[in-house]
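Asker: For reference, the chains in residue letters:
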Amino acid sequence: MAVSRISSAAPRLPRTTQYAFLPPVLTFLLGIGLWEAAVRLFNIPLYLLPAPSGIISTFLSQPGYLLRIGLYTFGEALAGFVVGCTLGTLLAAVCVRFRGLADGLIPFSIASNAVPIVALSPLLGVWLGATTAASKIGVVAIMTLFPTLVNVYRGLTSPHPDAFQLMRSYAARQRDIFLKLRLPASLPYLFNALKICSTLSMIGAVVAEFFGGTQNALGVYIKSQAGILRLREAWSGIVMACLLGITFYLIIVALERVFMPWHVSFRRDRP
Amino acid sequence: MMTTAPMIAIDHVSKIYNSNGSAVTALHDVSLDIAPGEFISLIGPSGCGKSTLMRLIGDLDQPSNGTIMVRNKTPERARLDRDYGIVFQAPVLYDWRSVQKNVELPLEVMGRAPADRHARAHAMLKLVGLQDFGDSYPWQLSGGMQQRVSIARALAFAPSILLMDEPFGALDEITRERMQAELLSIWGGAETDTTVIFVTHSIPEAVFLSDRVVVMSPRPGRIENVVTINLPRPRDIVTRESPRFFELVTEVRESLRES
Ligand SMILES: Nc1ncnc2c1ncn2[C@@H]1O[C@H](COP(=O)(O)OP(=O)(O)O)[C@@H](O)[C@H]1O
Ligand SMILES: [Mg+2]
Numbered sequence: 483m484a485v486s487r488i489s490s491a492a493p494r495l496p497r498t499t500q501y502a503f504l505p506p507v508l509t510f511l512l513g514i515g516l517w518e519a520a521v522r523l524f525n526i527p528l529y530l531l532p533a534p535s536g537i538i539s540t541f542l543s544q545p546g547y548l549l550r551i552g553l554y555t556f557g558e559a560l561a562g563f564v565v566g567c568t569l570g571t572l573l574a575a576v577c578v579r580f581r582g583l584a585d586g587l588i589p590f591s592i593a594s595n596a597v598p599i600v601a602l603s604p605l606l607g608v609w610l611g612a613t614t615a616a617s618k619i620g621v622v623a624i625m626t627l628f629p630t631l632v633n634v635y636r637g638l639t640s641p642h643p644d645a646f647q648l649m650r651s652y653a654a655r656q657r658d659i660f661l662k663l664r665l666p667a668s669l670p671y672l673f674n675a676l677k678i679c680s681t682l683s684m685i686g687a688v689v690a691e692f693f694g695g696t697q698n699a700l701g702v703y704i705k706s707q708a709g710i711l712r713l714r715e716a717w718s719g720i721v722m723a724c725l726l727g728i729t730f731y732l733i734i735v736a737l738e739r740v741f742m743p744w745h746v747s748f749r750r751d752r753p
Numbered sequence: 715m716m717t718t719a720p721m722i723a724i725d726h727v728s729k730i731y732n733s734n735g736s737a738v739t740a741l742h743d744v745s746l747d748i749a750p751g752e753f754i755s756l757i758g759p760s761g762c763g764k765s766t767l768m769r770l771i772g773d774l775d776q777p778s779n780g781t782i783m784v785r786n787k788t789p790e791r792a793r794l795d796r797d798y799g800i801v802f803q804a805p806v807l808y809d810w811r812s813v814q815k816n817v818e819l820p821l822e823v824m825g826r827a828p829a830d831r832h833a834r835a836h837a838m839l840k841l842v843g844l845q846d847f848g849d850s851y852p853w854q855l856s857g858g859m860q861q862r863v864s865i866a867r868a869l870a871f872a873p874s875i876l877l878m879d880e881p882f883g884a885l886d887e888i889t890r891e892r893m894q895a896e897l898l899s900i901w902g903g904a905e906t907d908t909t910v911i912f913v914t915h916s917i918p919e920a921v922f923l924s925d926r927v928v929v930m931s932p933r934p935g936r937i938e939n940v941v942t943i944n945l946p947r948p949r950d951i952v953t954r955e956s957p958r959f960f961e962l963v964t965e966v967r968e969s970l971r972e973s
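Going down the list, the sequences are from chains G and S.
So the first sequence is numbered by this note's numbering: it starts at 483 and just counts up by one.
So the second sequence is numbered by this note's numbering: it starts at 715 and just counts up by one.
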């Protein structure tokens with residue numbers, strides 16, 4: 483019995499999850515259909531809610547432009563993401579070394595979940611310049627730092643005490659305990675943080691641009707078009723923001739599979 | 715009765731834990747000498763300090779009173795010299811490492827050359843009958859197989875002392891008896907005479923495996939009796955069915971009842 487389980491060791495999705503994407507996709511299409519029907523049926527005026535068909539045709543009339551300003555904003559999101567997640571990871575490692583720091587910093591970081599950090603945007607605009615990319619990168623970095631710190635710290639401290647006792651019995655150096663036990667054990671937690679932060683960073687960058695930014699930025703475009711009631715244009719910008727956010731998320735998910743093929747969530751035979 | 719110098723000398727050892735204000739005496743005035751190559755079982759009800767005693771020997775914790783000497787060294791020195799191989803009740807394998815890489819872990823930490831540790835780990839897996847599973851991951855193995863990997867890992871660096879804390883406690887009775895026989899053949903076949911400290915709840919298991927069974931009693935944890943198991947080796951199924959085996963099982967059981 484055990485042998486037959488071994489032979490199918492290659493990470494392959496169980497049959498049942500091969501079609502797991504169907505229900506959400508169908509729900510999505512149904513929602514779009516209902517939206518379209520409602521707009522036509524009740525003659526909802528354009529300045530309140532455009533029909534999906536109108537949004538799609540506006541989107542398709544200028545995909546290159548939307549992609550260009552989208553990528554500018556995505557660049558800010560990515561830069562902030564890299565800064566925030568890197569700092570968060572390094573801080574988590576420092577917290578493991580100095581537990582006193584962890585006792586002070588971790589509860590504070592958990593509490594920061596409840597703080598709408600995007601609200602700091604105007605302040606960062608004052609400090610770093612309202613139209614600069616730096617102020618957006620700053621907002622995203624702050625937004626992503628704390629979830630990464632909390633999650634990675636949890637991961638680094640997650641191994642069972644016996645796993646540490648084992649290392650102690652080998653007279654292992656601190657460096658080996660970190661690299662061969664704490665770090666690999668923290669990978670699932672790190673990727674969890676990166677997934678959360680990928681979506682957070684796109685939201686952060688777009689919203690931060692609402693408070694000011696250069697003309698070629700997606701958030702600025704959405705805000706200005708909505709301001710002059712060109713809602714189809716505003717919505718097509720939102721669509722681009724969604725596409726970029728989802729793509730970012732999926733890239734992280736793909737990296738997760740590459741770096742942790744051993745992880746429980748990818749196993750064929752789950753207990 | 716000890717003819718050679720003891721491998722492990724436990725001398726009037728006590729251990730008191732202070733947990734939120736109240737002091738718990740986990741071990742009270744325990745003395746015991748263990749000979750090189752001896753197989754010793756610690757048996758007794760939950761909370762009698764079996765794990766504590768094992769942890770003190772292995773320098774995973776320090777005694778409150780008394781001394782422990784291991785090959786005339788402190789336990790700390792012995793640990794730094796890599797004298798201890800440890801097997802816990804849970805296999806404690808690292809999920810992200812293949813079976814082969816799990817067995818190589820101590821060798822990596824100890825700075826052995828890659829070719830050396832590969833060969834050594836492979837030999838250890840062969841010893842526990844898992845040579846075909848080196849590339850598998852821990853979660854692909856049954857509980858018994860995982861525990862065999864954990865034993866292979868403990869033996870990989872040829873420690874002189876094997877500390878085992880209820881290693882078969884989570885296994886079913888059939889797997890358990892097979893693992894006991896395997897452990898004896900591995901131990902008998904090891905290149906050095908390995909001294910084994912084996913913690914268990916099971917009387918037949920202790921009698922089948924050991925040279926001496928140390929019966930402990932709780933509150934405070936202490937040694938109640940030491941039963942010498944003079945069954946011939948190698949031991950097998952015939953041993954389990956011999957009248958002498960049942961006599962010794964009864965003797966250990968009586969000691970436990972008195973405690
Ligand atoms: N780290 C600890 N802190 C406080 N009390 C402990 C600790 N470890 C063990 N004890 C206590 O010491 C006693 C002996 O425990 P242990 O050695 O684990 O017993 P056994 O392994 O025989 O079941 C128990 O009463 C237990 O609650
Ligand atoms: Mg115990």
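No lab work stands behind these hints, which were simulated from the structure alone.
Each hint should be verified, as a subset may be incorrect.
If we take Cβ atoms under 8 Å as the criterion, some of the chain S residues that face chain G in the derived model are [unchecked claim]:
| # | residue |
| --- | --- |
| 1 | Y731 |
| 2 | V738 |
| 3 | L746 |
| 4 | A749 |
| 5 | L774 |
| 6 | V823 |
| 7 | R826 |
| 8 | D830 |
Mimicking DSBU-like on lysine-lysine, the simulated pairs with C-alpha atoms at most 30 Å apart in a straight line are [to be verified]:
| # | chain 1 | residue 1 | chain 2 | residue 2 |
| --- | --- | --- | --- | --- |
| 9 | S | K815 | S | K840 |
| 10 | S | K840 | G | K705 |
| 11 | G | K662 | S | K815 |
To list a few chain G residues with every Cβ distance to chain S over 10 Å, as calculated [what the hints assert, rightly or not]:
| # | residue |
| --- | --- |
| 12 | R650 |
| 13 | S651 |
| 14 | L663 |
| 15 | H745 |
From the three backbone atoms N, C-alpha and C, an ideal C-beta is built for every residue, glycine too.
Asker: Evaluate each hint against the coordinates.
Answerer: Results for each hint:
1. Against a cut-off of 8 Å between C-beta atoms, the interface hint on Y731 (chain S) is violated, since the closest Cβ of chain G lies about 15 Å away.
2. The beta carbon of V738 (chain S) is not positioned within 8 Å of any beta carbon in chain G (closest approach about 18 Å), and the interface hint is therefore violated.
3. For L746 (chain S), the interface hint is violated, the least distance from its beta-carbon to any beta-carbon of chain G being 21 Å, above 8 Å.
4. Interface hint at A749 (chain S): violated, since its Cβ lies 22 Å from the closest Cβ of chain G, which is beyond the 8 Å cut-off.
5. Restraint check, L774 (chain S) versus chain G: the minimum CB separation of about 5 Å is within 8 Å; hint holds.
6. Here the hint on V823 (chain S) is kept, as its CB sits about 5 Å from the closest CB of chain G, short of 8 Å.
7. Residue-level restraint check for R826 (chain S) is violated (minimum Cβ-Cβ distance to chain G is 12 Å; threshold 8 Å).
8. A hinted interface residue such as D830 (chain S) counts as satisfied when its beta carbon comes closer than 8 Å to some beta carbon of chain G; here the least separation is about 16 Å, so the hint is violated.
9. With a C-alpha separation of about 14 Å, the suggested pair K815 (chain S) and K840 (chain S) falls inside the 30 Å cut-off, and the hint holds.
10. Restraint check: the Cα-Cα separation between K840 (chain S) and K705 (chain G) comes to about 68 Å, which exceeds 30 Å; the hinted pair is violated.
11. Our distance criterion of 30 Å between C-alpha atoms is met by K662 (chain G) and K815 (chain S), whose separation comes to about 11 Å.
12. Once the 10 Å rule is applied to beta carbons, R650 (chain G) is inconsistent with being away from chain S; the minimum gap is 6 Å.
13. The Cβ of S651 (chain G) sits about 5 Å from the closest Cβ of chain S, inside the 10 Å cut-off, so the non-interface label is violated.
14. For L663 (chain G), the requirement that its beta carbon stay farther than 10 Å from each beta carbon of chain S is not met, with the minimum near 7 Å.
15. Non-interface status of H745 (chain G) relative to chain S is broken: a Cβ of that chain comes within 10 Å, the nearest being about 8 Å off.
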